[in-house]
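Based on the hints, put chain B in the right spot on chain A.
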Amino acid sequence: AQSVTQLDSQVPVFEEAPVELRCNYSSSVSVYLFWYVQYPNQGLQLLLKYLSGSTLVKGINGFEAEFNKSQTSFHLRKPSVHISDTAEYFCAVKGTYKYIFGTGTRLKVLA
Amino acid sequence: EAGVAQSPRYKIIEKRQSVAFWCNPISGHATLYWYQQILGQGPKLLIQFQNNGVVDDSQLPKDRFSAERLKGVDSTLKIQPAKLEDSAVYLCASSLGRQISEAFFGQGTRLTVV
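In order, the protein sequences belong to chains A and B.
Residues 716 to 826 in the working numbering are what the first sequence lists, from first letter to last.
Residues 580 to 693 in the working numbering are what the second sequence lists, from first letter to last.
All clues given are correct.
So, partial list: chain A residues that the calculated Cβ filter (under 7 angstroms) puts toward chain B:
| # | residue |
| --- | --- |
| 1 | Q757 |
| 2 | G758 |
| 3 | K764 |
| 4 | L766 |
| 5 | F805 |
| 6 | K813 |
| 7 | G817 |
| 8 | G819 |
Distance ranges between label pairs, derived from CB positions:
| # | chain 1 | residue 1 | chain 2 | residue 2 | range |
| --- | --- | --- | --- | --- | --- |
| 9 | A | E731 | B | K594 | 46 to 56 angstroms |
| 10 | B | S597 | A | E731 | 44 to 54 angstroms |
| 11 | A | A826 | B | N630 | 40 to 50 angstroms |
| 12 | B | L663 | A | G777 | 38 to 48 angstroms |
| 13 | B | E593 | A | E735 | 43 to 53 angstroms |
| 14 | A | N783 | B | I591 | 39 to 49 angstroms |
| 15 | B | S597 | A | G777 | 37 to 47 angstroms |
No wet-lab data here; the hints were simulated from the structure.
Even glycine gets a Cβ: it sits at the ideal position worked out from N, Cα and C.
Here chain A stands alone, though its shape is the one from the complex (with noise of 0.2 angstroms):
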């Protein structure tokens, strides 16, 4: 089974400061990796995925991740945020065919 753990429900912090967001995963069989964005009353895009090869996967919007296979994690940066980042971050495991989702991110940016 595999699981998703978002330890930041909210995270705030001011425009064109970085960011990291954080997400742990366990799982017994390979995985691939997500993270989603959901801006209000939509539905999720996605930001960018890992799958295979390089660790350090960029994705759109500038947002880039790293996957550590030892640590299990796949933490989300940025290193200048704009207001319009501000939303809801979801990290995904997929292993055999079904998606896990954390429970989210708030990221606020502040002006």
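Chain B alone, transformed into the frame defined by chain A:
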């Protein structure tokens, strides 16, 4: 490319009433998912279809929830009778069906049960 379409966007019903949601996945996507997202929580998988067969419905409350995917394309999710705790956003997603395929989500249906 058209995205995943869901309707209605919003629905308010009284408890014990029934309600149905509709989803049209991206053309050619074999896998279709229904998720329930309660306020402040991550999406929880209710049911997953591969073409018109059910892959996983282990978290679907089968005494009140039902879903079908006729002809392996559109899908409907029904709740009968609704309870207050069913208030949530119901998200439909689809993917090509391979293990590495990402899921594409619709905008969701916000259900309020009063």
